[in-house]
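Enquirer: Chains A and B, in that order, give the protein sequences.
Residues in the first sequence are numbered from 1 upward in steps of one, following the numbering used here.
Residues in the second sequence are numbered from 325 upward in steps of one, following the numbering used here.
Treat the hints with care, as some may be off.
[Claimed, not checked] Just so you have them, the derived chain A footprint on chain B, three or more residues with Cβ under 8 Å:
id, segment
1, 360 to 373
2, 477 to 488
3, 582 to 593
4, 654 to 661
[Claimed, not checked] With a cut-off of at most 30 Å between alpha-carbon atoms, the simulated BS3-like pairs for lysine-lysine come out as follows:
id, chain 1, residue 1, chain 2, residue 2
5, B, K519, B, K465
6, B, K465, A, K74
7, B, K465, A, K10
8, A, K10, A, K72
[To be verified] One-sided and incomplete, this derived list gives chain B residues near chain A with beta-carbon spacing under 8 Å:
id, residue
9, P347
10, R350
11, S492
12, R816
13, R820
14, P822
15, E829
16, V842
17, T845
18, L846
If you are wondering where the hints come from, they were derived from the structure by calculation, not from laboratory data.
We put the beta carbon where it would ideally sit given N, CA and C, even for glycine.
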Amino acid sequence: MIRCYIGHSKGTVEAEVAKIIAEGEGIADLNRVVLDGDVIDMETLQVHCDTLPFLGGAKLVIVRGLLSRCLKEKPLREGLLAYLPGLPEHCTLVLADDALPRGRETTALTKALRDLPGATVDTADQRRGRPQVSWIEENAPRFGCGISHRAAEHLAAVLPDRDTIEQELTKLAHYRNRTGTISEEDVHLLVPQSRESNIFAFVDAVADGRRRQALALLHDLPNQEPGYVLVMIARQFRLVLKAKHALRSEQAPNEVARAIGLTRAPQRAVNRVISQARRFSVDQLAAIHAHIARTDFAIKRSRLDPATALDLLVVGLCSIASRP
Amino acid sequence: MSRVVLYNKWRPQAFADVVGQEPTVRTLQNSLASGQVAHAYIFAGPRGSGKTSLARILAKALNCLQGVQPEPCGKCDACTDIVEGRFLDLVELDAASNRGIEDIRDLRERVNFAPVSGRYKFYLIDEVHQLTPEASNALLKTLEEPPDHAVFVLATTEIHRVLPTILSRCQRFDFRRIPVRSLVGRLQEIAEAEKVAAETEALNILARMAGGSARDAVSLFDQAIIYAEDGVSAAAVREMLGLAHTAVVAEFVDTLARRDTKEGLRVLSQAADQGLDMRQFARETIRYLRGTLLHKSGMEAAELLEMSEEEAALMDGLAERISLSEIVQAIRLFSEAEQALRLGVFPQLPVELALVEFCAKDESPSASPAPMPASRQTAPTSPPQAAPQSAPPASATAAGTPPADATNTADATETSSDPSAAATKTTELPPSATAAAEAADTPLAEIQQRWDAVVDSFRRPNVHLRGVLRDCTPIAVQDRVLTLEFAHAWHRDQVRQPDNLILVEKAIAQTIGRHFSVECTLVQRDSPASAYEKDPAHDPVVRKAQQLFPGTTTYENADEESLPSAQ
Numbered sequence: 001m002i003r004c005y006i007g008h009s010k011g012t013v014e015a016e017v018a019k020i021i022a023e024g025e026g027i028a029d030l031n032r033v034v035l036d037g038d039v040i041d042m043e044t045l046q047v048h049c050d051t052l053p054f055l056g057g058a059k060l061v062i063v064r065g066l067l068s069r070c071l072k073e074k075p076l077r078e079g080l081l082a083y084l085p086g087l088p089e090h091c092t093l094v095l096a097d098d099a100l101p102r103g104r105e106t107t108a109l110t111k112a113l114r115d116l117p118g119a120t121v122d123t124a125d126q127r128r129g130r131p132q133v134s135w136i137e138e139n140a141p142r143f144g145c146g147i148s149h150r151a152a153e154h155l156a157a158v159l160p161d162r163d164t165i166e167q168e169l170t171k172l173a174h175y176r177n178r179t180g181t182i183s184e185e186d187v188h189l190l191v192p193q194s195r196e197s198n199i200f201a202f203v204d205a206v207a208d209g210r211r212r213q214a215l216a217l218l219h220d221l222p223n224q225e226p227g228y229v230l231v232m233i234a235r236q237f238r239l240v241l242k243a244k245h246a247l248r249s250e251q252a253p254n255e256v257a258r259a260i261g262l263t264r265a266p267q268r269a270v271n272r273v274i275s276q277a278r279r280f281s282v283d284q285l286a287a288i289h290a291h292i293a294r295t296d297f298a299i300k301r302s303r304l305d306p307a308t309a310l311d312l313l314v315v316g317l318c319s320i321a322s323r324p
Numbered sequence: 325m326s327r328v329v330l331y332n333k334w335r336p337q338a339f340a341d342v343v344g345q346e347p348t349v350r351t352l353q354n355s356l357a358s359g360q361v362a363h364a365y366i367f368a369g370p371r372g373s374g375k376t377s378l379a380r381i382l383a384k385a386l387n388c389l390q391g392v393q394p395e396p397c398g399k400c401d402a403c404t405d406i407v408e409g410r411f412l413d414l415v416e417l418d419a420a421s422n423r424g425i426e427d428i429r430d431l432r433e434r435v436n437f438a439p440v441s442g443r444y445k446f447y448l449i450d451e452v453h454q455l456t457p458e459a460s461n462a463l464l465k466t467l468e469e470p471p472d473h474a475v476f477v478l479a480t481t482e483i484h485r486v487l488p489t490i491l492s493r494c495q496r497f498d499f500r501r502i503p504v505r506s507l508v509g510r511l512q513e514i515a516e517a518e519k520v521a522a523e524t525e526a527l528n529i530l531a532r533m534a535g536g537s538a539r540d541a542v543s544l545f546d547q548a549i550i551y552a553e554d555g556v557s558a559a560a561v562r563e564m565l566g567l568a569h570t571a572v573v574a575e576f577v578d579t580l581a582r583r584d585t586k587e588g589l590r591v592l593s594q595a596a597d598q599g600l601d602m603r604q605f606a607r608e609t610i611r612y613l614r615g616t617l618l619h620k621s622g623m624e625a626a627e628l629l630e631m632s633e634e635e636a637a638l639m640d641g642l643a644e645r646i647s648l649s650e651i652v653q654a655i656r657l658f659s660e661a662e663q664a665l666r667l668g669v670f671p672q673l674p675v676e677l678a679l680v681e682f683c684a685k686d687e688s689p690s691a692s693p694a695p696m697p698a699s700r701q702t703a704p705t706s707p708p709q710a711a712p713q714s715a716p717p718a719s720a721t722a723a724g725t726p727p728a729d730a731t732n733t734a735d736a737t738e739t740s741s742d743p744s745a746a747a748t749k750t751t752e753l754p755p756s757a758t759a760a761a762e763a764a765d766t767p768l769a770e771i772q773q774r775w776d777a778v779v780d781s782f783r784r785p786n787v788h789l790r791g792v793l794r795d796c797t798p799i800a801v802q803d804r805v806l807t808l809e810f811a812h813a814w815h816r817d818q819v820r821q822p823d824n825l826i827l828v829e830k831a832i833a834q835t836i837g838r839h840f841s842v843e844c845t846l847v848q849r850d851s852p853a854s855a856y857e858k859d860p861a862h863d864p865v866v867r868k869a870q871q872l873f874p875g876t877t878t879y880e881n882a883d884e885e886s887l888p889s890a891q
């Protein structure tokens, strides 16, 4: 039996493996092997799969990362596809991999695997947004508690991948003592990335010249190590400036994402940068950059207490932004 | 017999002792109760927030002989061994001094050995951000799939310097600065246990000075106990730290709001006579002003800066009498004074100068206009001739301080309830800048025309730039980038220094009324295309000659060959 899990989180694969163990008979600890697909060769894999189970009727071989390597190494791919039809009946082979790059070779490989007798290929839905939110809502009970829709949306928006989501869900579930429902407040309290995402709201507040809100958001940014906060602010405004230039040269939004180097970021983040770019003039952005540089110097040369310098920066940025 | 310092004696030994990190403690205790402990944690947060202490408590809870439980017993051999630092299965690694790949390889080899006496082999890697990239990468595999008997806790004060690949393998907890209230509670507990009489106000001051660090708070308390023999009073703590009473700082800031130099100097002199540390006094003034700034911006300043009710009430009154731009200006001046105090011989002088300078400044926010496009600054809401007349150029500010930056125009947004007033303030602009902007056809021509004014705007302490800038000529403007051509590399390098570059850009903005980024190039002496040769009018020597002998100028090229021989 061959089971392929592509793009699934570690937790999901572990849960599936647990099911296989529960369903299968006699897969004792001694008959379970976990192999590293990054280094293993075909010969070793064959030895592990072909060896008869020890004091049991079945054997489980789990290999992580082999499929992505197969895409790069043709002989390995051919060797694997040639071997798999003859996989002994006592062996269940689990091939777990991160999301594979899109392309003809990936399609060919997954098709070939699907066509094998007794093989299943389960590819995770990698789309962000609604599918991610649904996945969180469906999987939260696995961690011992429910999750509110808003909390799920929040998590989906701020966390990069399912492995990280699982880490945070584990933490949140423990915080709630594995009962009840994870709320948005819990997410804000315990998930650091949640507060990091406030940088967008902060820049929005600056763009509108809403000083009070900008200051409140600044004080709510996590890990208020001023140097780091300043880097976050500077990075965001640099992205806005780049986007501004890209928009001026009449590039389409998807080209803007490439121009500002946010190709791997969610579209929502890119759209936010673009909308912020439209709200500032080039002069304002130039003045903002100069102001950030001055603050940086002032902090690094101990001319200003870092926390005070950041407060002054916000007041200054709002002042620049509120000019006509 | 040597005395155990309080912060060691009172280091938290149980989860219940940890203050200010309730969500983290609750999560860890619940995971211990459910028996689902992660194999790797990362604790991030400022120093003294309890990262290492909590890691050791976790190590105790996991290895306690009473079993894995949400609170270690603290009495069994394992718990006491951990407290005394001789538990073989707790490995503490200081990544600041063991940061190489060899150290991590060594750790990787040892991690596979089963624990000697405990249930888990516990690795605490402190300051993990200090590991070299190679060492961090070597740690990855171990972190991803450690043996069942191993638990890792990585601690760092700079989470952004930790590799994302490490972060993704650990359960992350962000520790926060401990609130003053929690620190005061902890200090009260210690005071009671140590049978030391301590005023709540004194503990408040100590907690505030600790800046959210429990270690610093207990350390300061320890010092205060030794300093004040008959109990820790607020007066003794202030004396020990050289702090001024809130009322004194409030009185001083009030004189700033009134621009009453004489009274301000009197308060300062009195404070100095009382033996107050002037640097601390400047810091307290800045803190007070910052509180007022936040308060004026609609924030809960007292809560944010953890000020006492008395301070909050005083600040409330002050906020009505001082404008935002004045606060910003005062903070800058007193920050400079505080810095100058580090090196100064006369401890009072920089603060006095800051006071005098602040009181001497024109109240008008246009005294230090921010770089703004001239077209915008001459907005139609105000007659162009009205505001500028009262506004001296920024470069003419007292005591030759560098021109202030955009924050000094904060009043433009402050009076948002009165749009007309706000609009009037933003329209203010030095008259020279407006005239120049109107006069010139192109930015380059305008800059060249006003270049002497830009150069002359440099005053002490940046007067050296005046000489350096005399050596250059503005030769091109493209996409708001102004190119300056220098005759000498040394001069070019001086201007290229980031600090100087900002000053030059600021001076240009203030004189011309528009912001330009500056690029510096060197005259290509071998190239016939040099700007001087293309247009001799750019040559500083020619320019000076034109100033001395006004009139029509004709240029003649004197070839070297046509010059009289040296002989």
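Enquirer: Take the hints in turn and mark each one as holding or not.
Expert: Each hint, compared with the structure:
Coverage of the segment 360 to 373 of chain B by chain A holds. Counting CB-CB distances below 8 Å, 5 residues qualify, and the rule asks for three or more. Interface restraint, the segment 477 to 488 of chain B with chain A: holds (4 residues with C-beta to C-beta distance below 8 Å; minimum three). Counting residues of the segment 582 to 593 of chain B whose CB lies closer than 8 Å to any CB of chain A gives 0, which falls below the minimum of 3, so the coverage claim is violated. Coverage of the segment 654 to 661 of chain B by chain A holds [criterion: at least 3 residues with CB-CB distance below 8 Å; count 4].
For the suggested pair B:K519 and B:K465, the alpha carbons sit about 51 Å apart, so the restraint of at most 30 Å is broken. Using a Cα cut-off of 30 Å, the hinted pair B:K465 and A:K74 holds, with the two alpha carbons roughly 26 Å apart. Proximity of B:K465 to A:K10 is assessed by CA-CA distance (about 15 Å); at most 30 Å being required, the pair is judged to hold. Pair hint A:K10 plus A:K72 holds up; C-alpha atoms about 23 Å apart against a cutoff of 30 Å.
A distance limit of 8 Å between C-beta atoms decides the matter here; for B:P347 the minimum to chain A is near 5 Å, and the interface restraint holds. Given hint, B:R350 at the interface with chain A, holds; its Cβ is 6 Å from that chain's nearest Cβ, closer than 8 Å. The interface hint given for B:S492 holds, since its Cβ lies 6 Å from the closest Cβ of chain A, which is under the 8 Å cut-off. Because the beta carbon of B:R816 sits about 20 Å from the nearest beta carbon in chain A, more than 8 Å, this interface hint is broken.
The closest approach between the C-beta of B:R820 and any C-beta of chain A is roughly 14 Å, which is over the 8 Å cut-off, so the hint fails. At about 7 Å, the closest approach between the beta carbon of B:P822 and any beta carbon in chain A falls short of 8 Å, and the interface hint on this residue holds. Interface hint status for B:E829: upheld, as the beta-carbon distance to the closest one in chain A is roughly 7 Å, under 8 Å. The interface hint given for B:V842 is broken, as the beta carbon of that residue sits about 11 Å from the closest beta carbon of chain A, more than 8 Å.
Because the smallest distance between the Cβ of B:T845 and any Cβ of chain A comes to about 21 Å, over 8 Å, the interface hint for this residue is violated. A distance limit of 8 Å between C-beta atoms decides the matter here; for B:L846 the minimum to chain A is near 24 Å, and the interface restraint is violated.
Hints 3, 5, 12, 13, 16, 17 and 18, counting from the list given before, are not met by this structure.
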